[in-house]
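Chemist: Below, each chain spelled out in residue letters.
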Amino acid sequence: MSKSEKPQKLEVRLSGSGGQGLLTAGLILSQAGALQGLNVTQTQSYGAASRGGSSRSDVIISDEPIFYPEATRFDALVALTQESYDKFNPNLREEGVLIIDTVFVKNYTISSQDIYALPFTQIAMEKLGTSLFTNIIALSFLVKVTGIVTDKYLKEAIKDFKPEFAESNIKAMKLAFKLAEEYDQPAQEKL
Amino acid sequence: MSKSEKPQKLEVRLSGSGGQGLLTAGLILSQAGALQGLNVTQTQSYGAASRGGSSRSDVIISDEPIFYPEATRFDALVALTQESYDKFNPNLREEGVLIIDTVFVKNYTISSQDIYALPFTQIAMEKLGTSLFTNIIALSFLVKVTGIVTDKYLKEAIKDFKPEFAESNIKAMKLAFKLAEEYDQPAQEKL
Amino acid sequence: MSEKVEKNRDGLIIKQADTPLKMQVEVNEVKYEGDYRKAPVFIFHDWCKKCGICVAFCPTKALGRKLDGSPFVEHPEKCIHCETCDKLCPDFAITGAKR
Amino acid sequence: MSEKVEKNRDGLIIKQADTPLKMQVEVNEVKYEGDYRKAPVFIFHDWCKKCGICVAFCPTKALGRKLDGSPFVEHPEKCIHCETCDKLCPDFAITGAKR
Amino acid sequence: MKKIPQKEIHKYLRHNKKFPHVWCPGCSDGIVLGATIRAIAEIGWEKDDCAMVSGIGCSSRMPVYVDFNTAHTLHGRAIAYATGIKMAKPSLNVCVVTGDGDASAIGGNHLIHACRRNINLTVICINNHIYGMTGGQYSPTTPHDAIATTMPYGNIDNVFDLCKLTIGAGATFVARTTAYHATEMQSIIKAGFEHNGFSFIEVMCACPVIYGKLNKQGDAPQMMRDLRDSYVPLITYEKLNADEKQGQFPRGIFKNEVAPEYSERYAALVESLQSVKGEGDE
Amino acid sequence: MKKIPQKEIHKYLRHNKKFPHVWCPGCSDGIVLGATIRAIAEIGWEKDDCAMVSGIGCSSRMPVYVDFNTAHTLHGRAIAYATGIKMAKPSLNVCVVTGDGDASAIGGNHLIHACRRNINLTVICINNHIYGMTGGQYSPTTPHDAIATTMPYGNIDNVFDLCKLTIGAGATFVARTTAYHATEMQSIIKAGFEHNGFSFIEVMCACPVIYGKLNKQGDAPQMMRDLRDSYVPLITYEKLNADEKQGQFPRGIFKNEVAPEYSERYAALVESLQSVKGEGDE
Amino acid sequence: MERKKPVLMQGNEAVARGAVDAGINFFAGYPITPSTEITEFMSRELPRRGGVFLQMEDEIASIAAIIGASLAGAKSMTATSGPGISLMAEGIGYAKMIEQPCVVVNVMRGGPSTGLPTQPSQADIQQARWCNHGDAPAIALYPSSVLECYELTIRAVNLAEKYRTCVMVLSDAMLGHMREPVNLPDLEHVNIIERIKPTIPPEWYKHYPDNAKYRAPLASFGDGYRFHVTGLAHDDLGFPTTRPDEVDRMMKRLKNKISQNIEDLVQVELFGDESARIAIFAAGITARAAKAAIEIAHQHGKKLLLVRPLTIWPFPDEAVHTYLSDKKMIIVPELNQGQLSIEIKRILGKSKKTRKIVEVHKVTGELITPEEILKAMKEDN
Amino acid sequence: MERKKPVLMQGNEAVARGAVDAGINFFAGYPITPSTEITEFMSRELPRRGGVFLQMEDEIASIAAIIGASLAGAKSMTATSGPGISLMAEGIGYAKMIEQPCVVVNVMRGGPSTGLPTQPSQADIQQARWCNHGDAPAIALYPSSVLECYELTIRAVNLAEKYRTCVMVLSDAMLGHMREPVNLPDLEHVNIIERIKPTIPPEWYKHYPDNAKYRAPLASFGDGYRFHVTGLAHDDLGFPTTRPDEVDRMMKRLKNKISQNIEDLVQVELFGDESARIAIFAAGITARAAKAAIEIAHQHGKKLLLVRPLTIWPFPDEAVHTYLSDKKMIIVPELNQGQLSIEIKRILGKSKKTRKIVEVHKVTGELITPEEILKAMKEDN
Ligand SMILES: Cc1ncc(C[n+]2csc(CCOP(=O)(O)OP(=O)(O)O)c2C)c(N)n1
Ligand SMILES: Cc1ncc(C[n+]2csc(CCOP(=O)(O)OP(=O)(O)O)c2C)c(N)n1
Ligand code: SF4
Ligand code: SF4
Ligand code: SF4
Ligand code: SF4
Ligand code: SF4
Ligand code: SF4
Ligand SMILES: [Mg+2]
Ligand SMILES: [Mg+2]
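Chains as they are written, first to last, in this note's numbering: chain A, 1 to 191; chain B, 192 to 382; chain C, 383 to 481; chain D, 482 to 580; chain E, 581 to 862; chain F, 863 to 1144; chain G, 1145 to 1525; chain H, 1526 to 1906.
Extracted from the complex, chain A is given alone in its bound form (with noise of 0.2 Å):
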C-alpha cells in the first residue's frame, strides 16, 4: 500500500506497552483525522494493561461512516514491543504497512508487507535527549508513509493535544518526516 493508492478506510492498530505513550499517539491520531473532516472511531485497551502491561490504541479513518468500532485487521501496525509485534503481526492485511521499533523489536520476519523498522526509541533519545518523543515520531513516521492524514492536520492535532509540549512534539514530527523520506526499506537491504 502506498500514499497514493489509499484506500476509503484505513485501520491502524497502534501498538507496545503502557508508558510508551501509544493512547497519546492514538489521539492525537484520531483528532487529526478529525480536523481533516473523516470519520474515526479510536478504542483502546483498558485495564490491568494499562497500567504497564502491554497497551494498544486503534484508530480507523474513513472517509465514508465507519459503522464497526475495533480494528480487526490492521492497514497499518505500529509495534513498539516484540510482544505487541509477535500478537498483531498475524493481522496486519498482506498490503498493511508495519512500522516497528528495532531497539524493541528484535526478531521480526521481512514478509512482503510494506516494512518500516528503525530504533525510534534511539533516535528520540539520541535527536531529542529523551525517549518521551518515541511516540510522536512513530506516529508522524506512520502518517508520512501512509498519507492516512495530512501533514497540515497532524501538525495540527499535536499543537491542539497539549499546547505547552507544542514545539518539542512538532519538532519530533519534523524529524520523522525527514526518517520517512530518506528511509531505506529494510527489505532491500536484509533480504
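No lab work stands behind these hints, which were simulated from the structure alone. There's no promise every hint is true.
As the list claims (entries may be wrong) - List time: in silico BS3-like cross-link candidates among lysine-lysine, alpha-carbon distance up to 25 Å:
1. E/K825 with E/K796
2. B/K350 with G/K1149
3. B/K318 with B/K369
4. G/K1396 with H/K1900
5. G/K1496 with H/K1875
6. H/K1881 with G/K1494
7. D/K547 with F/K1075
8. G/K1149 with B/K200
9. F/K1107 with E/K835
Once you have looked at the hints, place chains B, C, D, E, F, G and H with the ligands on chain A.
Modeler: For chains B, C, D, E, F, G and H with the ligands alone, kept in the frame of chain A given last:
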C-alpha cells in the same frame, strides 16, 4: 340457616375492634375445623388496624377443598362493634347468621336473618369477672348456633390454644352454649 | 386490676385494660370538656388516645383519669398553666396554656 | 532527570522514568544474581518490579540500583541479614535472610 | 427557651391529614413532633423554608403531619435524600427524622458519612430501642438481655451508643435527650437547628405498645417515668461512681464544635472557580 | 516477634496464580500481604483453618494470592460475608482485607456493625487515601486539599479517622500502623489475630502510581519515607504540642479490650437452649 | 406418612418449617412486612437446633452473610419482601456467579417502592428473573397454599444445593399470612439433597466442574480444599480470567445447568378440563381464585382449564405450548400490570383472531376474585 | 448549527456533555468502571458552572441524593455500571413512584457480578426494565455512537422532566470509551424541556395531576407549595392511602403516562433495505456491527434491513410489528444470552417454519463482529 342444613362450605367473619380478641377466636375456630379434619382457611386484617383500629378474622370451613381464601359473602358474621356491624353486615348472605354484642352495637336492623343480639361483653364481665372472655363466648355461641364445627373439636381447640387459660376458656364456652340453647330471637321480641 | 368492672352513675364504664382502644363507651360528663374558651385546660377528645401521660405528670394533680382511661380536668383551679400537659401529650390533644 | 540517558559498558540503559514497565532492556551482569544458594542476598528478577524500596531502605547500603531501576547486590559483604529488604519488598522478590 | 403555646403548633400541623395520627396511645413520637415544631416556631423559620425528610418506621411517619416540604423516603436513606436536598437548595432548613433502626441499622453508613461531611442537616433520631413499625424486632440499640421478637431469649447483641458513634464519625453537634424532658428537648433541637453543620440529636423514647409490652415495662406514664429517672445530665452522670452509673445514662449536649460546613465549603469552591473556563465552553 | 524467613512465606503463596502479582511497582499492598502471612506463620495456624475475605479494590485482590480459603466478594461487603463464614464455622480464623474505600465508603455500615457485635474477625484495612482500582477518585480518607480525579480542585471533604470511627462503634481492638513499619505491622496483625473479638487494623499505605502521581509525592521509596516520618508511636504523639502535631499522626494499638465475643455468645445461647423443645418437634 | 394432628399454620410459618426440615441451619435476615414471621420463627427455632440465626444490619448484609455461611458449609436462607430484593440484587447475582447454594424468600407486597406493605401482590415476578445485572438465569418457585409453602421451600433448598445457585421462593402477603391446616410429613419421608463432599485430593479438586447434570462434589471452607471464589469472570478453578474461551465456558455453564435440566426444574399443575377451549394461566394466590372460578363455571356446565406454574423460573415454556397453544382464549389473571402474560405472549405470540389472550390485572392490594375472572372470560369473548 | 471544530470525544464524555447541555446541574455518583469518566467530567465541570457535584458513599446514596436534589428543583443525574444499578434498584423504584425526574446512566460491562469490568456487554437490558420491585414502567434509551451519546442524554433529561420519572441511558464499555469526532450543536438549537413551575395558589396545587400528556406544573421544595412525597401508595396530593380506588388511579397514572405516549417516547432507526427478506434487530454498539454486515452483504448483492431501537423501553412493539413481521428471518445479535430476542418473540411469536428468529449471543467481553452476523444468517438459512 340452621344447624341441620349446614352447607358444605361456610364463610365466617369475626369482627370488632383491635383488642377484643377476635384474631384469637378466629384461630381457635380454624384449629377446631382442622382437628375435625375439615378444610380451613383463615385470614385476617393486618397493619395499622391491628394496632387499635378495627379488626377482623375470616374463617372458611368446608369439607371440600377451599380455593379462594377470602370470605366475601358471609354465612355468619360476628360483630362486636357498631363500626364493624355497619361495615360488614351488607355482605352477610340473606340466610346468614348474625351475632352482635349489644353493649357496643346499638343500631341494627332486624331483617330476615338469623340474628342473635346479646350483651356479650357485659355477660362476660358479670359471669366471668372480665371482658377478656368475650371472644370465647361469642365464638362458642356461634359454634353452637351454626354447628360449623362440633362441640368436641371446639373444646379441643380451646384447650390446645393456651393451655394455661384452658379452664377459664372452657368455662366461657360452656356459658355460651347455655346462652345459645336458651336464646330467644330478638326478632320475635322486638318486631 | 384488669378483672374489675365498675358501674358508674352515668353508664357502663370499662377499665382501660379491658377496653379496645376505640370502643364506644358511655362516660360521665365532666367539667370543662366542652367549651374551649372557658376552660383553663382543654382536652380534645377526638384526638386523645387515653394514654394517661398528662394525668401522670401534671405537677399540681389538676387532671384526673376516668375509669376508661381518658383524662379530665378534676381540679381546674389547681392548674398553674405550666403547659407540661401540652408538651407531654403525644397527641396535641390537651392544652393548659393560658388563653 | 527523566531527560537523561546514559550508555553503559554492557548495553543501552534507559532510566526508569523513561522506561515502560516491562520493556526489555539490556542490563549489566552483576554478582550474586544467578545462584540462589551462594548469594547472601538473592533477587528474583522475574517478580521484581524495580520499585527501589529495598535499595532505599537497606540499612547498610548493601544494595545498589541499576540505571534501569532494578536492584543489585552492590556490596554483598555489607549485608547483615536484617531482612529489611525481605519485609519491605512488595513483590516477594528479594531475600537477605540467612540460609 | 420560649414558650410556644399549643395553638401555635397547630398552625404547623396538616390538620386534614388523618389526625389523630397513626401512632399508638402513649407513643413518644408525638411528643418529639411537638418539641420539633416548638423549636422551629421559636426560631421563627417560615414553613416554606423548612424541609422534613424521613426514612421508614413509626418515627418516620412524622413528616406527613407537618406543613413543611416533606419527604417520606426509603428505609435508612433519609440522610442521603436530605443531603441531595440541602446541596441543591442550601437555603432550606433540612431536618431528618429517623428511628434507631432507620438511622443506625440499615442507614448507618449514610449517618456516619453525613457526620464526616459536616453538612448542615439536623438529624432527630427517635430511639425507642426497637423496630416499632415491623412489630418489635431488636435494633442495634436494643439493650442487652431485652426481649424482642427476633431475640426471644434475650438480646445477646451489643448496643450502639449512637452519640459515641456519631462523635467518632466526626459530627460537630451531638446531643441526647428524652421524650420526658420535653422542654430540654425543645431547646436542644433548637440548638441543633441553629448549629451550622451536622447535628445529631438522639431522643430516647417510649414505645409502650411494642417494646414496653415485650419487656413488661408498664404503661406509657411508667415508661416516661423511667426515661425521667434513667437519663441524667452529663455533669451529674460524670460525677457518679461506677456502681451508681449502672442503669444510668448521660443526657445533654455532648459536643458542639464550630467547623466548616459542607455546603458552604462547596459554595466557596464554586465561587473560586468562577473565572475558570468550562470544558463545554470552547 | 518471630522472624519468618521469606521462603516460609512462599509456602503460603499460590505460586501458580499469575505472579508477579497485579499490583503496581512499589505498591504497599504486597508488603501488607507479606506481614499478614508472617503473622499467621508466627502463630502457626494451618492454612486450612484460615479464611481470607475481601471486597473490591486493588487491596482486595489479595486473597487470590494466598493459599487459604479465599473469597473475593463484592465492593464494600467483605465484612458481611466474613460474618456469615465465621458464624457458620467459628473454628475458622477469618481475616478481612479491605481498602479505605471498600471499608469506609460503601462498606462503612458493615464495618461499624461488626465493631458493635465484637465478632472475632480481623480486618486489615489498607488505607492508601484513594480509590486505586478505579483510577484515583477521592475516598473518605483522602486528605483535605489533596488532588483526586473527582476532586480536581483539591479535596473539600472531611476525612474519616477510621480508628476513631471504629472505637466509636465499639470495636475492642483498634490499631494503626504503616507499610513502612513492616515489623511492627507483623506484630500488630498478630495481636489482632490473637485478639478474641473484632479487631480493626488500619495500615497506612503508599499508592505511588495513582495517588502518589496525582499529588506529586515522589516515587515509592519517597512515599515510604513519608510514611516513616508522618506516623509516630502513640506515646510520642501524645507528648507533642499542637504545633508539632501538624502533619503527624499516631500509630500503635489504640484499644485492646477484653469483652464477650459474638460467636461465643451465640454458642452459649445455643448451649443454654439445648433442653428447650423445638417448635417443629411436636 | 403423616403426623398425628393437622397443624394450623401461616404460609410464612410453613416456609420456615419447610426450611428447617430441609436442613437450613443458617438464616440471616432483616425484618420486613410481610415476611417478618419467617425471620421471627427462625430466631426462635434455629438457636434451639444449634443452627445460626443472625439479624443483620440490612438486606445487603443478610444476603452476604448467607452466601458466606454457605461457603463455610451451611445450608442458608434469607427472607424478605420487594424492597429487600431490590437491595439484595447485587448479592443474588454474586451467589449465582460463584455458584453457591442459598435460598431467598420474597413475600411479595404491593409495590412499587414502599407501596402497600401489608397487602398482597405478584409484581416481583419479572424482578425475580432480572433483578441482578448481567446474564444469570434464575430459579424461582411459587406455592399457592400453606402446605405448598412448606413443600416448595424444601424443594427450593434442594434445588439450590443441586444446582449450586440462589433459588428464590415467591410468596405474597396473603399466602404468607393466611392459615390452613397442614399435615407435616414425617421427616423420613422428606427427600433432602445434601451437598456431596469431595473426596479427591485437593490438588485435583476443581471448584467448577463441567457437568450438565450438575451434581458434583462441592468443597466448603475449612474442608481442606482451599479454593478461591470471585465475582470476576473466572476459570474452572475459580481464579479470575479474561480469556474469552474460559469466560465463555463459565457463561455456558451458568446457562446450561438451568436450560439443560428443565425437566427436573419445572413443575406445573393442571386443574379442570384439558379439553376446554378456554384456559386460565395463573400462579400462586391468584390460581386459587382461578380454581374457584373453574368450579363455578363447571357448575354452570362450562369447561375451563387452569395451568398453574409451581416453577415460575425457568418458565414452563413447554407446558404453555402443550396445553395452551390450541386454546381459543387464555385468561391470565395476576396481581400486577402484566408479567406472566409477557411470557405467554413470548411463547404463543400476541393475541390474534384465533386465539385471545385476556389479561386481568389488579394492583390495588386486593385479590382478584373468581367472579372477576369469569367476567373477563365473558366480556372478552 | 455546528461549532467550529469537530471535537474528538469518548462516549462517556459525550454523555456528560449532553447532560450539562441539557441543564443537569446536580450530579451525585460513586465511581465504577467503565462509567467513571462521566463522574470525573462532572467533578471538573459542575463546580465551574455553579452546579453541584457530589461523590457519595455508595450508589444507594447517589440515587438518593439525586432524587432529593430533584425534589429541591435541580435537574439531576447519576452514572454507574451494572453493580451500581443493582444497588440503585430500590431508589430507582422510589423515583418512579414519587414521579420525580432524574437520569441514571448505565455503562454496561460484562456480568454477572463483578464480571469483566472493562469489557462491553448488553446484559442489563432487561434489568433496565425490571430492576425494581413492583410494577413501574421504565424509559431507557441506548445510543450507538458518540454523537448519539450526546443527543440521547439530552433526550433522556428532557423525557425525565416531561414524564416525571427516572429515565435510564444505556451505554457500554466500548461505546463509553471509544472516541469519535463530534460536532456539538450550538446550544440555542438544542431543545431543552424545563420544569413548569406551578402558578396556582398552593391550596389548589395537586402534586399528581391526572393528565395523560403529562406536562403539568411541578413544584419543588421551597417554592411555597409544601407538598408531601412518599413511597407508600398515595393519593393525588401525595398523601398515603390504601383506598383501592386511589391506589388504582395512582397505578394507572404510572402506567398510562408511558403507554399512552409511545409515539413521543419511541425512536427507531431503519438502515438498509426495507424490502429485504432478512432483517437484523440490534441495539447500541452491536447495531454498528449489523450496519457493517449490511454493507458487506450489499456489496455481495444481498439485501438486509436493520431495525435499531434508540428507545429500548418502552419497547418499540409497533416498529417490530411493522417492519419485521413479514420477514423470513430476523437475526438478533446481542452481547448477552438473549434479552432483546425475548421481546421480539413476545411480539412476533416464536420461530416457526415461515419465520426464523436467529439469536447471536456473545458474552465473552468481545464485540459481535459483522462476519459473525453474516455467518448466522447463512448457517441458519
Ligand atoms: C429496605 C427495607 N427493609 C426493611 C423494611 C421494613 N422496615 C420498615 S420500618 C423498619 C424498622 C423501623 O425501626 P426504627 O427505625 O427504629 O423505627 P420505629 O418504627 O421504631 O420508629 C423496618 C425494618 C423496609 N421498609 N425497607
Ligand atoms: C458496587 C460497586 N461500586 C463501585 C465499584 C467500583 N470500584 C471498584 S474498587 C473501588 C474503590 C476501591 O477503593 P479502595 O477500597 O480504597 O481500594 P484500593 O483500590 O484503593 O486498594 C470502586 C469504587 C464496584 N466494583 N462495585
Ligand atoms: S398546664 Fe400544668 S398544671 Fe395545668 S393541667 Fe397542664 S400540666 Fe397540669
Ligand atoms: S396525654 Fe394526651 S393523649 Fe394522653 S391522655 Fe392526656 S390528652 Fe389524652
Ligand atoms: S538483609 Fe538487610 S542488610 Fe541485607 S540486603 Fe536486605 S536490607 Fe540490606
Ligand atoms: S523492593 Fe522488591 S520489587 Fe522493589 S526493587 Fe527491590 S526487589 Fe524489586
Ligand atoms: S409501635 Fe411503638 S413506636 Fe410504633 S407507634 Fe406504637 S408505640 Fe410508637
Ligand atoms: S493503583 Fe495504587 S493501590 Fe492500586 S496497585 Fe497501583 S499502586 Fe497499588
Ligand atoms: Mg425504633
Ligand atoms: Mg484505597
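Chemist: Against each hint, give a clear statement of whether it holds in the structure.
Modeler: Structure-based check of each hint:
no., hint, verdict
1, E/K825 with E/K796, "holds (23 Å)"
2, B/K350 with G/K1149, "holds (14 Å)"
3, B/K318 with B/K369, "holds (12 Å)"
4, G/K1396 with H/K1900, "holds (21 Å)"
5, G/K1496 with H/K1875, "holds (14 Å)"
6, H/K1881 with G/K1494, "holds (17 Å)"
7, D/K547 with F/K1075, "holds (23 Å)"
8, G/K1149 with B/K200, "holds (22 Å)"
9, F/K1107 with E/K835, "holds (22 Å)"
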